[in-house]
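Engineer: Protein chains in written order, with the numbering used here: chain A, 1 to 113; chain B, 114 to 227.
I should point out that these hints are in silico values taken from the structure, not numbers from a laboratory.
Take every hint as true, because none was put in to throw you off.
Calculated Cβ distances over 10 Å to all of chain B for the following chain A residues:
{"no.": "1", "residue": "Gly16"}
{"no.": "2", "residue": "Ser58"}
{"no.": "3", "residue": "Trp112"}
To give an idea of the interface, some chain B residues facing chain A are shown, with a C-beta separation under 10 Å as derived from the structure:
{"no.": "4", "residue": "Gly153"}
{"no.": "5", "residue": "Glu172"}
{"no.": "6", "residue": "Thr215"}
{"no.": "7", "residue": "Gly219"}
From the three backbone atoms N, C-alpha and C, an ideal C-beta is built for every residue, glycine too.
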Amino acid sequence: SQQGEEDPQALSIQEGENATMNCSYKTSINNLQWYRQNSGRGLVHLILIRSNEREKHSGRLRVTLDTSKKSSSLLITASRAADTASYFCATFDRGSTLGRLYFGRGTQLTVWP
Amino acid sequence: NAGVTQTPKFQVLKTGQSMTLQCAQDMNHEYMSWYRQDPGMGLRLIHYSVGAGITDQGEVPNGYNVSRSTTEDFPLRLLSAAPSQTSVYFCASSYEGGNLGTQYFGPGTRLTVL
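Excised from the complex, chain A in its bound form (with noise of 0.2 Å):
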């Protein structure tokens, strides 16, 4: 399987910190995606970083990308409690049959007030 594995499963942080976390792939990607799922509700996307761009910014989202190592990385400043949520990789990997996404097992981050 292409799956993007997140790294760690689970993080628990107070508001105001930052949370980081990390996804590592095996294959070559045209893109990685970051999305994030709430308790009981689809996913939503939160960011898309190509593979030629090496970071991204979006609010207080931050998303590197380091292909020589086959890994990104999330990172949201200032916590919020709202943040606390399932945040998933999703990569395309560029040698597989057209229009296959593979999604990580996920960070479950929760965030206390």
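With chain A held as given, fit chain B onto it using these hints.
Structural biologist: Frame of chain A; chain B shown alone:
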């Protein structure tokens, strides 16, 4: 726009029964897909479609059928339900089929097979 809609939200089946999970999108997206989500397993791709009349298998296609007769609809059929198919099912769509840009997810269908 309603985005991606899924019906039903909840369903309980007995082993051996068949049913269809409905998925529709009103964003004129070419790419649609079905995932199942199990505890500790993340999302696994069941089937996907890059346009009307074109479907292909994902990671876990066994026991499921799909068809894509229109751009808007992408139903998932369970042929003979098994307890192993107890899961939460998500449908997603995307405008950029080939490069797979942002995926828009439906709210999910929680299926229990007894």
